[in-house]
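Enquirer: Listed here are the chains, written in short residue letters.
2 protein chains.
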Amino acid sequence: MGIDREVADALVKIVGIQHARSDEATLEAYGRDALQIGHAADLVLIPGTPAEIGSIARVCNEHRVPLIVRGAGTGYTGGAVPVRGGVVISMERFNRILEIDDENLLAVVQPNVITGDLQQAVEARGLFYPPDPASLKQSSIGGNVAECAGGPRAVKYGTTKRYVLALQAVLPTGEIIRTGSKSVKNVVGYDLTQLLVGSEGTLAIITEVTLRLVPKPAVQATLRATFSDVPRAVAAVSGLLADRVVPATIELIDDISLRAVEQRLGRPVAPAGTGAMLIIEVDGVPGAVEEEADRVATACVRAGATEVQRALTDAERSDIWEARRELSYALGALAPRKINHDLVVPRGRVPALFELIDRVRREYRLLIPAFGHAGDGNIHVNLMVNPEDEDEMRRARQAERELFEGVVRLEGSISGEHGIGFAKAAYLGLELSPDVIALMARVKYAFDPNGILNPGKLWDA
Amino acid sequence: MGIDREVADALVKIVGIQHARSDEATLEAYGRDALQIGHAADLVLIPGTPAEIGSIARVCNEHRVPLIVRGAGTGYTGGAVPVRGGVVISMERFNRILEIDDENLLAVVQPNVITGDLQQAVEARGLFYPPDPASLKQSSIGGNVAECAGGPRAVKYGTTKRYVLALQAVLPTGEIIRTGSKSVKNVVGYDLTQLLVGSEGTLAIITEVTLRLVPKPAVQATLRATFSDVPRAVAAVSGLLADRVVPATIELIDDISLRAVEQRLGRPVAPAGTGAMLIIEVDGVPGAVEEEADRVATACVRAGATEVQRALTDAERSDIWEARRELSYALGALAPRKINHDLVVPRGRVPALFELIDRVRREYRLLIPAFGHAGDGNIHVNLMVNPEDEDEMRRARQAERELFEGVVRLEGSISGEHGIGFAKAAYLGLELSPDVIALMARVKYAFDPNGILNPGKLWDA
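Going down the list, the protein sequences come from chains A and B. Counting from 4, one number per residue, gives the positions in the first sequence under this note's numbering. Counting from 4, one number per residue, gives the positions in the second sequence under this note's numbering.
In short, the hints are calculated from the structure, not lab data. Incorrect hints may have been included.
In this list, chains with the same sequence are indistinguishable; a pair is considered to hold if it fits within one copy or across any two.
Mimicking EDC-like on lysine to aspartate or glutamate, the simulated pairs with C-alpha atoms at most 20 Å apart in a straight line are [what the hints assert, rightly or not]:
hint, residue 1, residue 2
1, 219, 135
2, 219, 246
3, 140, 27
4, 159, 104
5, 159, 106
6, 159, 105
7, 219, 294
8, 140, 26
9, 219, 293
10, 16, 414
11, 341, 317
Source: prediction; values computed, not measured.
For reference, chain A alone in the conformation it holds in the complex:
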């Protein structure tokens, strides 16, 4: 689109020339995030205060200039990039932990604090911030809040939304607001805090986050169970749930994914003939952990595990997790492009989800490694494709639609973690009714009457 020169000058003046970027390379760089598709920015601003962001918003709102907020840029749905140009605000200067409050079990942070850094800081004080997206060493709390990030521990601890107590945010019309409070209960007015969590940067610009913390679990036990095939591994998960055990994590890795990891690491990560692996962690006070670890092992054996191993040292634990951690990189070697989805079904329907994935693999002749948070019914389904291969890309699009329709039929959702962004905007109507989409559009209007904030996301507006 391009921005009017006078408007651009006014915007640059707000942050100061040293905090503005308009060179080609930067504009291009801010036009891509982890999705690797997007449109270049027309101007990148790096504000230092909420007041500056308020001023930027007012100018953009007055002149109808698209305004896009970027955190760490690790999202998979293009949430942090323009679709038709505009101003990108980089939150990089909002990078401080403002307060870790032991007495009230909470932390106040600026949005660009890296999630893993916050975790280390609170764990050093015996506290715990559970949400653990795979990107935690790169992704920021603000982005985690905007997308409602999940992660392996969600099965026991819930996702980001369970930990957000209060927000400071700037509206697209420039007002600086505070929602929620530092108390763990608060029922005064509408829950705007939870409405902003997962709103994908389309309602307001988050400038401060108050997070609830919990005590750090005293101990944990990590188990690895291998199975001859996915159905047996999934049966073990169902057995656990039926036995009413709630581990902190229940991660499942299928055979295609295991082979890819073994190739990357150059060593076997499971006995020969393994068709599926579970990584299960339980945590809490020692007595409980021992009891639950035993029940986990029993459930796995009962479901036909070929081997159940428990980590006895930190090194063994790290070894078990390595297979999971390296997964994303390992898959990258399988094909030029990975179309990465985060399908979710009601917890007991993971077997049906894997049947669906198998059928789609055969029907569309595609390589589709699958792994993820089996205890939540949330499976990462990766369509490995070569963008040069037109026929394969066509089959991938058909497969994608079939998967989305399938999870909706199973009463699940087309996204459990990554959100919609623009990558899945075309599929919103598969899951939500026209009345609900219209209502969401009216809610959007309540925040952003001119539709300047992150346009083209969630739906094409």
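Please arrange chain B on chain A, whose structure you already have, making use of the hints.
Expert: Only chain B this time, still in chain A's reference frame:
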């Protein structure tokens, strides 16, 4: 106000004459809930299906007739009654548990299912629905969702909002919508489910609720600790939090409340000289419960408990809880009227909250028993008054404002459980900024453009 005769006829026709009430006694009865103040209804309808409710909403919306939804009528802020007349919909026919799904750990219920009944039904199958408002034998799930009910177990398990996965609801403009899904993770579009939770019947009419369940804890331990005064009891709570123990409940009862209960029961509930009592429950797997119960007892002794007792039988457990259960009735005997508030502060600031309450007691010469969920910082503060005594009522109003201003200064909230309704509408601006209130009004407009649904609640609109 009165409703136009033709409009009334059209409304009655929707539900059938046998499900409409317009006799004086019923109209008066539906003009009051647990707050005991309100305005009589002009017409009471008892619809049987969401489609009927949709038709009622369309007629009311077209003719600008106030529409108020009533569940069990146990709310303390007047949320279920008209403030200027209109149509009251009683949800009493929506009273069925539609599904308890063991495999997916969820339940689907109609809104007028009584919370305690649902708990019994799921516990019989080894599952658990934690939210436990004091009213659980009378209040309904729909009302619990509309107000985001809490209860003693919230300290470990969170409040109602943590358990609502999906809703069916009727918009004030008549559309029937579904939000959320049966999967525990879902980040597709704005989180309208959480926006409806706690919206106090002002955004939509809830017709079906899908609730997440958790495994029923295997065992529990109930402890009672007595102290010479409130500060020592509160110090024990702080000690517990500092020791990173998270009991399922931490209830505190102050001396005025204890005396009232003893009077009601005609027996001592604590050793002579007791100035405060804690009731603490821990639950989970046996090993963990033993360890945590020991740590609870140690923290209490360390803070100067005069006695720590652990229930060894169900009868003893019931005996300990009797003091808490009888509290509400017992306070009723202290004065003709109880102005019941649910103040909340960050968890570590309960000592400061009790200092505030003490100061207000002295300054305004009022009897103010206080008790509640100390682990959440959520304390029920009851101003016991005689409505005939004008001077006392004046002092009570001043005291109320001072308490509200105090908790906001402590970074807490004027309501942790009961909501605003019309009882606290005048105080909304103490906690929320004009920009936030204006934003909430725009969100309200997105749902209810003509302002027909539960008018006069949250703010005077």
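Enquirer: Does each hint fit the structure? Answer for all of them.
Expert: Taking the hints in turn, this is what the structure says about them:
Proximity of residue 219 and residue 135 under a CA criterion of 20 Å is satisfied intra-copy only: 14 Å inside one chain copy versus 26 Å between copies. In this assembly of identical chains, the alpha carbons of residue 219 and residue 246 lie at most 20 Å apart only when taken from different copies (11 Å versus 25 Å within one copy). When the C-alpha separation of residue 140 and residue 27 is checked against a cutoff of 20 Å, the pair qualifies neither within a copy, at 28 Å, nor between copies, at 66 Å. Only between protomers do residue 159 and residue 104 lie at most 20 Å apart by alpha-carbon distance; the minimum there is 19 Å, versus 23 Å within a single protomer.
Proximity of residue 159 and residue 106 under a CA criterion of 20 Å is satisfied inter-copy only: 17 Å between copies versus 24 Å inside one chain copy. With identical chains, the CA atoms of residue 159 and residue 105 are at most 20 Å apart between copies only, with a shortest distance of 17 Å across copies and 22 Å within one. Proximity of residue 219 to residue 294 under the C-alpha cut-off of 20 Å is found in both arrangements, the shortest distances being 19 Å within a copy and 16 Å between copies. Taking identical chains as interchangeable, the C-alpha atoms of residue 140 and residue 26 are never at most 20 Å apart, the minima being 28 Å within one chain and 66 Å between chains.
In the homo-oligomer, the alpha carbons of residue 219 and residue 293 lie at most 20 Å apart both inside one protomer (17 Å) and across protomers (19 Å), since each shortest distance falls under that limit. Taking the shortest Cα distances, residue 16 and residue 414 never come within 20 Å of each other, neither inside one copy (50 Å) nor across copies (35 Å). With identical chains, the CA atoms of residue 341 and residue 317 are never at most 20 Å apart, being 32 Å at best within one copy and 57 Å at best between copies.
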